[in-house]
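Visitor: Sequences listed follow chains A and B, in order. 1450 is the number that my numbering gives to position 109 of the first sequence; each next residue is one higher, with no gaps. 139 is the number that my numbering gives to position 15 of the second sequence; each next residue is one higher, with no gaps.
The hints are simulated quantities; they were obtained by calculation from the structure and are not laboratory data. In this text, a Cβ means the ideal position worked out from N, Cα and C, and glycines have one as well. Hints may be right or wrong, so weigh each one.
Some but not every residue of chain A turned toward chain B, in silico, with C-beta under 8 Å [unchecked claim]:
id	residue
1	Ser1384
2	Leu1385
3	Ile1434
4	Arg1438
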Amino acid sequence: GAVVSQHPSRVICKSGTSVKIECRSLDFQATTMFWYRQFPKQSLMLMATSNEGSKATYEQGVEKDKFLINHASLTLSTLTVTSAHPEDSSFYICSARSKDRNSPLHFGNGTRLTVT
Amino acid sequence: GENVEQHPSTLSVQEGDSAVIKCTYSDSASNYFPWYKQELGKRPQLIIDIRSNVGEKKDQRIAVTLNKTAKHFSLHITETQPEDSAVYFCAATVFGNQFYFGTGTSLTVIP
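Model the full structure from these sequences, guided by the hints.
Guide: Take a look at the structure:
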């Protein structure tokens, strides 16, 4: 149980375009989803927290207008990287937990974004 | 937000030996501390967790200890095997609001 699906797994886009990444909880209701960015051989940096039906809470230093997060349902959250630039190239990974605040995080399989 | 520090960044042990990874956190309100294992190219997987009302938890070869006063917690892997080789991350959260991760430890178990 507790499966989180993330798509696409890889995407290459041109500089200036926007890319949407989807994160779905397949067998549980994800009240809260978290978006992380991971650089090679580095840790998971929390970008934002999204609660279903509410605006996302962004971590300090993360541009909310550049990284648009939508959590419209209990099973789907999306991250849109707007006007992507090469420095946005990274591994983006979502995670989700259920309404139970004591429940652990379950991760998607990540999206490798390359901006050319 | 919470600041989680993790040491060491890399760790090599001989097969059969023990491995210990340590983390400290800054927010005394943090009450849940999971550990994740991430193999190359794969998603992080929860391996063990501990809550603030418990000082130690064990699951076969893996154990976690928590010292709330000192605000640090540790992962212990005994009788290591080559398949234990991976990157391990600790994390801390206050009631599941945000999960902050440590910087990761790359563990290599030498056969």
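Visitor: Does Arg1438/A pass the interface hint, meaning its C-beta sits closer than 8 Å to a C-beta of chain B?
Guide: With Cβ-Cβ at 6 Å, under 8 Å, it holds.
Visitor: With a cut-off of 8 Å on the beta carbons, see whether Ser1384/A makes it to chain B.
Guide: 4 Å, holds
Visitor: Holds or violated: Ile1434/A as interface residue toward chain B, Cβ cutoff 8 Å?
Guide: 7 Å, holds
Visitor: Do the numbers back the hint for Leu1385/A, that is, is its least Cβ distance to chain B under 8 Å?
Guide: Constraint on Leu1385/A satisfied, holds at 4 Å.
Going through the hint list in order, the structure satisfies each hint without exception.
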